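Can you make the complete structure from the sequences, with help from the hints?
Chain residues, written in single-letter form:
Protein chains: 4
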Amino acid sequence: MPENDAELEFIETQVSVRYAETDKMGIAYYANYLVWFEVGRVAWCKAKGFRYAEMESKDNRYLMVAEASCRYKAPAHFEDDIVVRTGLAKATDRVIRYSYQICSKNSGQLLATGQTTHVIADMNYRPSRLPEQYRKYFGLPCKGVTKYE
Amino acid sequence: MPENDAELEFIETQVSVRYAETDKMGIAYYANYLVWFEVGRVAWCKAKGFRYAEMESKDNRYLMVAEASCRYKAPAHFEDDIVVRTGLAKATDRVIRYSYQICSKNSGQLLATGQTTHVIADMNYRPSRLPEQYRKYFGLPCKGVTKYE
Amino acid sequence: MPENDAELEFIETQVSVRYAETDKMGIAYYANYLVWFEVGRVAWCKAKGFRYAEMESKDNRYLMVAEASCRYKAPAHFEDDIVVRTGLAKATDRVIRYSYQICSKNSGQLLATGQTTHVIADMNYRPSRLPEQYRKYFGLPCKGVTKYE
Amino acid sequence: MPENDAELEFIETQVSVRYAETDKMGIAYYANYLVWFEVGRVAWCKAKGFRYAEMESKDNRYLMVAEASCRYKAPAHFEDDIVVRTGLAKATDRVIRYSYQICSKNSGQLLATGQTTHVIADMNYRPSRLPEQYRKYFGLPCKGVTKYE
Numbered sequence: 000m001p002e003n004d005a006e007l008e009f010i011e012t013q014v015s016v017r018y019a020e021t022d023k024m025g026i027a028y029y030a031n032y033l034v035w036f037e038v039g040r041v042a043w044c045k046a047k048g049f050r051y052a053e054m055e056s057k058d059n060r061y062l063m064v065a066e067a068s069c070r071y072k073a074p075a076h077f078e079d080d081i082v083v084r085t086g087l088a089k090a091t092d093r094v095i096r097y098s099y100q101i102c103s104k105n106s107g108q109l110l111a112t113g114q115t116t117h118v119i120a121d122m123n124y125r126p127s128r129l130p131e132q133y134r135k136y137f138g139l140p141c142k143g144v145t146k147y148e
Numbered sequence: 000m001p002e003n004d005a006e007l008e009f010i011e012t013q014v015s016v017r018y019a020e021t022d023k024m025g026i027a028y029y030a031n032y033l034v035w036f037e038v039g040r041v042a043w044c045k046a047k048g049f050r051y052a053e054m055e056s057k058d059n060r061y062l063m064v065a066e067a068s069c070r071y072k073a074p075a076h077f078e079d080d081i082v083v084r085t086g087l088a089k090a091t092d093r094v095i096r097y098s099y100q101i102c103s104k105n106s107g108q109l110l111a112t113g114q115t116t117h118v119i120a121d122m123n124y125r126p127s128r129l130p131e132q133y134r135k136y137f138g139l140p141c142k143g144v145t146k147y148e
Numbered sequence: 000m001p002e003n004d005a006e007l008e009f010i011e012t013q014v015s016v017r018y019a020e021t022d023k024m025g026i027a028y029y030a031n032y033l034v035w036f037e038v039g040r041v042a043w044c045k046a047k048g049f050r051y052a053e054m055e056s057k058d059n060r061y062l063m064v065a066e067a068s069c070r071y072k073a074p075a076h077f078e079d080d081i082v083v084r085t086g087l088a089k090a091t092d093r094v095i096r097y098s099y100q101i102c103s104k105n106s107g108q109l110l111a112t113g114q115t116t117h118v119i120a121d122m123n124y125r126p127s128r129l130p131e132q133y134r135k136y137f138g139l140p141c142k143g144v145t146k147y148e
Numbered sequence: 000m001p002e003n004d005a006e007l008e009f010i011e012t013q014v015s016v017r018y019a020e021t022d023k024m025g026i027a028y029y030a031n032y033l034v035w036f037e038v039g040r041v042a043w044c045k046a047k048g049f050r051y052a053e054m055e056s057k058d059n060r061y062l063m064v065a066e067a068s069c070r071y072k073a074p075a076h077f078e079d080d081i082v083v084r085t086g087l088a089k090a091t092d093r094v095i096r097y098s099y100q101i102c103s104k105n106s107g108q109l110l111a112t113g114q115t116t117h118v119i120a121d122m123n124y125r126p127s128r129l130p131e132q133y134r135k136y137f138g139l140p141c142k143g144v145t146k147y148e
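Residue numbers (numbering that gives the first Met the number 0), protein chains in the order written: chain A, 0 to 148; chain B, 0 to 148; chain C, 0 to 148; chain D, 0 to 148.
What the hints contain is simulated information worked out from the structure, not anything from laboratory work.
Please note that the accuracy of each hint is not assured.
Since the list gives no way to pick one copy over another, a pair counts as held whenever it fits inside one copy or between any two copies.
Unchecked claim - Straight line, CA to CA, 25 Å or less: simulated BS3-like cross-link-like pairs of lysine-lysine:
| hint | residue 1 | residue 2 |
| --- | --- | --- |
| 1 | Lys47 | Lys104 |
| 2 | Lys104 | Lys45 |
| 3 | Lys45 | Lys89 |
| 4 | Lys104 | Lys57 |
| 5 | Lys72 | Lys104 |
Here the structure is a predicted model, which is why all the values come from computation and not from measurement.
Listed below in structure tokens is the structure:
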């Protein structure tokens, strides 16, 4: 797992800033960036080959947020097309960390960066482990293989 | 049950307009009035003597929204103190309807009116009935009494 | 302008239900449908040939919401792909009304219908008129022509 | 200005978790904590003797968010009464930093901690300075006095 964001493989998805997401300052309200991070995570899962909704509904594992942070560099405006870039910054079978870059689609300008750290939990919010079949998506070695070496 | 809003008993609660709730027009975004209606319903339940959270968690009954409407008469601004007035417009053991008035606390001006209609549902979103012990809160006659008349 | 929704020309756009938009009942929270209506209006404007953001920033005209309503027919779940269909139900140079249909992309099922009514306003929330150059987008006859008849 | 949160003077305000703020995991969605931080900041300003709304409308100064972070320790549920504790962690006439503690009102349990860093900006989002008359609220020495020393 790369230590440095510059080496991360980023999955890109797009959102358009909604009127609902703006505030009286005329720009996107700061909490909405965390919603866009979520949109980025969902896109990352799809790009890797699974649906996060199914990880919850079929395998009873949840990526509970333990930490979130965002640095705001330039404002986003209504109807701006925004690229959400999501990279896996850390993965164990207990903790997952994502890095994000929020960019303007037109100018390419970096608008914000952020990170979220997640604990694998069960439906009762208790710490748990990533199910075996999801390890590959997160770049973790297959447990079965390791065991018999 | 009164036909006319003027005769309804309204339960009052207060919210202060959050920055997050404003939009680039400088006023509260229209969807947030439905959130305030929800705040009003929760206050109504408390005033009547029960917690809506317990109706869900202990009795597995949900007030699923079937219809919602709002008329916007004057804008609400950041930090405005808003009075949410909630009245029970209709109640059967299958359908509940609330009427709302959103007013400015300082001026008393009516900012918006609205209605929501709810179907009593179970946790699988299937139509259900109001549990016996909740009938009194909604002004419905006690079933047991009716039965032996 | 058709009286009946069945005759309306609907512009389609898509949203995917965000985790942020779900509630503890496991389905999309009712106020978010009004946000999706807004997404639909913005798409409608683009399809007609103008950006709503520019109507505000360049021409100082706002589509202030005067009324909104929604009928909820079936729930929407996290990661569901949703089609928002937006049609112009009424247009004068003072009042605009949109009709909406919210459908499941996969099943085609109708999840909700709704309407919003807007008053053309200036930046001070005062009633105003649709600028001449926007009349064509809303199917209104060109004023210049009418004048000399 | 204290370096350590333990020495900060915290201003307390209360919110009740709204249904709209929950997600399909049954708990408050993570981005909403940043909204509660905002509620905390507004309460902090009031407690200090000014309204943030007026700092914007009368003095054209905005506390633009440059950074935000949150650590989530325990979940918050629908209808939970939450205490938002807001303390001033840093203040210059260009940069303001707040620390937050989110606690359960009933149990006193610490649910989350966070920080936001703000740049004083004008209405065009350009870096600016805290107006003279606000310095006292942020514990900054009166400039006039310093000048004549």
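Checking an output row: Lys104 and Lys57, CA cutoff 25 Å. Within, between, both or neither? For Lys104 and Lys57, the Cα distance is within 25 Å only across copies (22 Å; inside one copy 35 Å).
Under a CA distance limit of 25 Å, which applies to Lys45 and Lys89: within one copy, between copies, both, or neither? Intra 18 Å, inter 40 Å, cutoff 25 Å: intra-copy only.
Please work out whether the CA atoms of Lys72 and Lys104 approach to 25 Å or closer within one copy, between two copies, in both situations, or in neither? within (15 Å within a copy, 35 Å between copies)
Given a CA cutoff of 25 Å, do Lys104 and Lys45 count as a within-copy pair, a between-copy pair, both, or neither? both (21 Å within a copy, 17 Å between copies)
Intra- versus inter-subunit Cα pairing at 25 Å for Lys47 with Lys104: Intra 23 Å, inter 22 Å, cutoff 25 Å: intra and inter.
Consistency with the previously given hints is maintained throughout, with no hint failing.
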